[in-house]
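Trainee: Starting from the given sequences, assemble the full structure and let the hints guide the process.
Read top to bottom, the protein sequences are chains A and H.
Heads up: the first sequence runs through residues 1 to 99, numbered per this note's numbering.
Heads up: the second sequence runs through residues 1 to 312, numbered per this note's numbering.
Treat the hints with care, since some could be wrong.
Restraint-style ranges between C-beta atoms, simulated for each label pair [said to hold, decoys possible]: (1) H:Lys304 / A:Asp44: 15 to 23 Å; (2) A:Glu2 / H:Ala215: 32 to 40 Å; (3) H:Thr235 / A:Lys82: 50 to 58 Å; (4) A:Leu76 / H:Ser219: 31 to 39 Å.
Don't read these hints as lab results, they were simulated from the structure.
Built from N, CA and C at the ideal position, the CB exists for glycine as well.
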Amino acid sequence: MEKVLIVDTDKCTGCRVCELACSVTKHGEFVPSKSYIRVMKNKDMDVNIVALGTKCDFCGECVEWCAPKALQFISLEEATIKWKGTKVGSLPAPLIHSV
Amino acid sequence: MDKMNGYTGNILRVNLTTQRITREGLNMDLARQFIGGRGLNLKYLYDEIALGIDPLGLDNKIIVGVGPCNGTIVPGSQRFTITTKSPLTGFIGDSNSGGEIGAEIKCAGYDMIIIEGQSGTPVYLWINDDKVELKKADHLWGKTTNETRRAIEVEVGDPDACVISIGAGGENMVKFANVIADLGRGSGRAGTGAVFGSKKLKAIAVRGTGGVKVADYPSLKDIVKRNQDAWIGDTRFYGRWSRGGPAYNWYNYIDGEMLGIRNYQGGVFTKDMFAELGKYFSKHKSSISCPVSCNNSCVIRAGKYAGRRGPR
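Mentor: Following this line, the structure appears as structure tokens:
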């Protein structure tokens, strides 16, 4: 089943625990720059937007660690129905190139 | 002694007088005896500065250090320590702060940055992994810390760069001046900002793309998870700190009528006045690796100062 990562940007505090958890699981060390999930920030506006690397295999480690519960995995079908055309604060994470 | 996980084993030494930048190995025996961050910083400072020096003079040093847990998933491990001889007390000056720069220093491959000498003109230090340079900061002198951060991010072309900087207080060597980290965090004790100002060091900007290894991640995960669950499960602690940050402890001061306005010239804060602060709240923010979002940002929405923002 294909999955989508749903991010609630209002809840995300920008702590980057997801990056740390992902990198240690996939690379064996805490190396945020190689994480498959990235928190992109606008420090002036306090905006945190999470983006997902193309190498992500949806292991769920980031979701498990997320303290403010800003992340969740749902099926692609469910996401398609729910988020097509909506303009609310939580959104399926965009994809970025994985290092 | 061999290298330990958690430490990178490198010290970056920057002499502002000669503009010379060198790397040296961390003394691992000392690292075992005096755990990194505060302990190790103090040991190095004690060994390196002479008796009776002027805190704002040529001989004082600034040591920015991180501990073995910085850059890992350990909650609350993001803090970095600035150690120097304090111009305020003339004794040990030791101030720590949260933010992301602690982890970034570690990822750049350093446990400690030692700054010595004095620069003739304003400079800032740019650390991009192995590439370290002192850059001119004449155009940044006089700017606020937030303006400095923005300008440096643009100048080095990296929005992920973390910046600590001083504002007008540090530049003019006010003896209790802070060093402000990029998320609106401050190293507020001991007048570290004044020592930055005396050295004409406007800012330190760091970007690291390396990693931090631990010996046994499954065990670490187990301990961290248990701690994190206990923190989050404790509604009194987590609920209050996540909403108000350390300000929630101020209720105790309010009860005792100890929280003065303008050095007690304007009376004391009351509970009602404190509750009013809620209307300025804009967003929960955390330092890296910390589940407790104690660094909330606030925005003034109306009146003379509308549009201004800052930490709570």
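Trainee: Check each numbered hint from earlier against the structure, then list the numbers of those it violates in ascending order.
Mentor: 3
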